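Undergrad: Next come the chains, spelled out residue by residue.
2 protein chains.
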Amino acid sequence: MEKKQAFQIKGAFAIYKNGELFLGELQYALLKALISEGSINAAARKCGISYQQAWTLTDRMNRISPVPVLIKKKGGKDGGGCRVGGYGKLLVELYEGKKEEFSQSLSDLNDGLEGCLI
Amino acid sequence: MEKKQAFQIKGAFAIYKNGELFLGELQYALLKALISEGSINAAARKCGISYQQAWTLTDRMNRISPVPVLIKKKGGKDGGGCRVGGYGKLLVELYEGKKEEFSQSLSDLNDGLEGCLI
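Respectively, the protein sequence lines represent chains F and G.
Plus 57 on top of the position in the first sequence (first one is 1) and you've got our numbering.
Plus 57 on top of the position in the second sequence (first one is 1) and you've got our numbering.
What the hints contain is simulated information worked out from the structure, not anything from laboratory work.
Small disclaimer: the values here were computed from a predicted structure and weren't measured.
Please note that a few of the clues may not be correct.
When chains are identical, the list treats them as one kind, so a pair holds in a single copy or across two.
[What the hints assert, rightly or not] When the alpha-carbon atoms are kept at most 30 Å apart in a straight line, the in silico DSS-like pairs for lysine-lysine are as follows: (1) Lys130 x Lys67; (2) Lys131 x Lys155; (3) Lys156 x Lys131; (4) Lys131 x Lys67; (5) Lys89 x Lys129; (6) Lys67 x Lys89; (7) Lys103 x Lys129; (8) Lys130 x Lys74; (9) Lys156 x Lys129; (10) Lys146 x Lys103; (11) Lys67 x Lys103; (12) Lys156 x Lys67; (13) Lys103 x Lys156.
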């Protein structure tokens, strides 16, 4: 049973590569949307960001990543699609696992907080 | 032995009260500086923020807190000092404990990360 706390600890995390942001909540949501939607346009819409932002984010992920995360296809009847490769799918799974661990840590951190804070 | 990782998970946390930010890294640093310096002016300088910012931050903490965190004194030969009360000192200790726990969680989260990410 979870009770609504007056005091609450919240937190966030992200994966960096050589100090540069690689995979945070937005990048993760975008990758998931790219897998389910199959195009940058639809994925951007799902995440509430512009096509340009989604393009820039995926470009940066591809540049930082040791293996391309997103394979972009030019041309074709729908003006070019995209495909999240095996490494990108592995990233999504990894992030989900870490997200669950992190969420558990925050829950532990919140244990007994109320009692300490009047 | 800690090795420098190409991939690294970083994170942050803060304590909220009824959804409003109460105690994050800056508020904690400010409280610590107020205890050691004894004046808002000197504490602000130590934290690299303006006197006005420090005043606003402590005012907000006092407003949110069930017990005043900082007791401000008007007048006197140094133009008014301040004192972090018992509850404020308890907050500093509590935050330090949570910070250590959080840091351990991030370290656990980083375990095996490199192996997963090529």
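Undergrad: Each hint should be assessed against the structure and marked as holding or not.
TA: We went through each hint and held it up to the structure:
| no. | hint | verdict |
| --- | --- | --- |
| 1 | Lys130 x Lys67 | neither (39 Å within a copy, 33 Å between copies) |
| 2 | Lys131 x Lys155 | neither (34 Å within a copy, 50 Å between copies) |
| 3 | Lys156 x Lys131 | neither (33 Å within a copy, 48 Å between copies) |
| 4 | Lys131 x Lys67 | neither (42 Å within a copy, 35 Å between copies) |
| 5 | Lys89 x Lys129 | within (16 Å within a copy, 51 Å between copies) |
| 6 | Lys67 x Lys89 | both (23 Å within a copy, 21 Å between copies) |
| 7 | Lys103 x Lys129 | within (18 Å within a copy, 49 Å between copies) |
| 8 | Lys130 x Lys74 | within (26 Å within a copy, 48 Å between copies) |
| 9 | Lys156 x Lys129 | within (27 Å within a copy, 42 Å between copies) |
| 10 | Lys146 x Lys103 | within (18 Å within a copy, 46 Å between copies) |
| 11 | Lys67 x Lys103 | both (25 Å within a copy, 26 Å between copies) |
| 12 | Lys156 x Lys67 | both (13 Å within a copy, 12 Å between copies) |
| 13 | Lys103 x Lys156 | within (20 Å within a copy, 35 Å between copies) |
In summary, the numbered hints that this structure violates are 1, 2, 3 and 4.
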